[in-house]
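Peer 1: Those sequence lines, one after another, are chains F and V.
So the first sequence is numbered by this note's numbering: it starts at 1 and just counts up by one.
So the second sequence is numbered by this note's numbering: it starts at 1001 and just counts up by one.
No lab work stands behind these hints, which were simulated from the structure alone.
Cβ coordinates follow ideal geometry from the N, Cα and C atoms, glycine included.
Stretch by stretch, here's where chain F covers chain V in the computed footprint (C-beta under 8 Å, at least three residues):
{"id": "1", "region": "1161 to 1174"}
{"id": "2", "region": "1177 to 1191"}
Below, simulated DSSO-like cross-link-like pairs (lysine-lysine); rule was C-alpha separation at most 27 Å, straight line:
{"id": "3", "chain 1": "F", "residue 1": "Lys113", "chain 2": "V", "residue 2": "Lys1364"}
{"id": "4", "chain 1": "V", "residue 1": "Lys1104", "chain 2": "F", "residue 2": "Lys113"}
{"id": "5", "chain 1": "V", "residue 1": "Lys1303", "chain 2": "V", "residue 2": "Lys1104"}
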Amino acid sequence: MAWLGILNYWIFVLLLMTGMYAIVAKGNLIKKLIGLGICQSAVFLLFISMGKVVGGTAPILDGSDRAYSSPLPQVLILTAIVVGISTMALALAVVVRIKESFGSIEEADVYGKEAEA
Amino acid sequence: MIAAHHLPVLQVVLPLVAAPLAVLCPGARAPWMAAVFVSLAAFAVAVTLALQVAATGTIAYELGGWPVPYGIGLHIDNFSSLMLLLITGASLAALLHGKPVIDKEVQSRPVSLFYGAWLLAVAGLAGMVITGDAFNVFVFMEISSLATYVLIAAGPTRTALSAVFKYIIMGSIGAMFYLIGVGLVYMMTGTLNMADMTERLHGVDDVVPVLAAAGFITVGLLLKAAIFPLHAWMPNAYAAAPSTVAVFLAACSTKVALYVLIRFDLGIFQPSLEGHDIQFSAFLMPFALVAMIAGSLIAIFEKDLKRLLAFSSVAQLGYIVLGASLLTAAGMSAGILHLFNHALMKAALFLAVGSLVYRYGSAKLADLAGAGRTMPWTMAAFTLAALSLVGVPLTAGFISKWYLVLAAMEEGTFGWFLIAVILASSLLAVIYVWRVIETAYFRPAPEGAPAVKEAPWYLLAPTWALAGLNIYFGLAANAPYGLAARAAADLLGGGA
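Can you make the complete structure from the sequences, with help from the hints?
Peer 2: Here it is as structure tokens:
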């Protein structure tokens, strides 16, 4: 059961693929964005899990000799989460405006109306 | 002098701080002046830095005084100083030209928001080019991408919205792949500093995660750089964006992603990963060759001038990638030179298109019939830049293609095949360029077409300045070629 040891990476792959599937296969623009969000969460999990040291604690120096988990990936991901939220907010705003001007948020309708124009 | 020492960081800080200030400016004129002024200042800084790099070599700057593997270091060498010149120069030229065009085309009100987003895009692109930290590249990439999405969505038609949505999805996937790659490298090396990363990769035993990282980073950046076949977002985004934005994007946005790609693959992975060079070359060269042919072929059948130029960009980016994938000093310098020259010609072409759209209100070829008579100066500038695109002697485009052919000749028999593809692509370029010229000069204006005057001088001046540069660098090719050759030597010498 060696693959259990890298379970976090399997979950990363699974989530990434789920998100990709939603982006590619769903016609609804909001569902595509949800897929994008799932992909982003997968990346966050990848980073956070690689910073974990088994038996490690929070990196607070108190004089005793202990193993610490790496805080850097978490800090990086904090930035990436902010970036992800900004992207998502902007994308949702674009979807609202697509709804206003095309009257639909289904991909087929939007591109169909575009081809007519 | 304190100010001189802090020049590298000013390149990012200046537009970043000016962006909210520009948003606060009232009216339409004040934010434009602010943006022009900041671009001018940034361009001046870029020129100073380029001269400094030429005189004393690579500039290293520690952000906030933190020593490098722990803090974030800025790093300016020949290649990045060339890119800085492109970014700030393109921003300046586009803005100088763009005031009336932006007032007419941009939908967002107040228009100061548009200039705020513009300055953020400049800050992000400049940051991507000078930072020496892999994660920092991601942050700057997202700053510039988010700003670019806003700029494109400001386009005059509703097509802009659907184009932007596609771009957001694909751009986010590109950035995400880059982030995954950086994560995997960080996992194996424990560092995010690019120079440090190169060092530590030598000592990595298990190269599988690093290979996966190289794959993720390469594909992610190929998406961002719109390299065939990952260019699907680009033509619509360029066509739907306000003309001024198209100038800026065509000149530098995709090229900056390409810069990061070259820096990562050739600067970091190449010296430390065995067999990476062969994989890089075998993976990218077919795409580059197909891009050169397919991009030009599609451009021939386009009915919209902006889309035609966008597909020609797909083909021209192929030349740059081909140069890089040859992995020789000659190929690399030809690629970097073409990166510079292509920015010059595409900026000039899109500036001319901006003037045409300003007068005609459309970029459809059918509507532009007779433009050669109504707007002779604009079309003359367009023709000059288009000749450069084809690679006619005495233009900048000829110089870079010439060096590319020379680099291909070093490859022996296989090189002749490459040269054949380069020539075929150039011939196809003649066809699509000729279609535009024929429509503009030899077709009568359609019935009931609006009476059109020549563009005003303040639109012609920047267009001609850039068209003139195409000729200037076609005659005096030594300066950019020298810079490109030094940049190539930096990259292939293993020094990141």
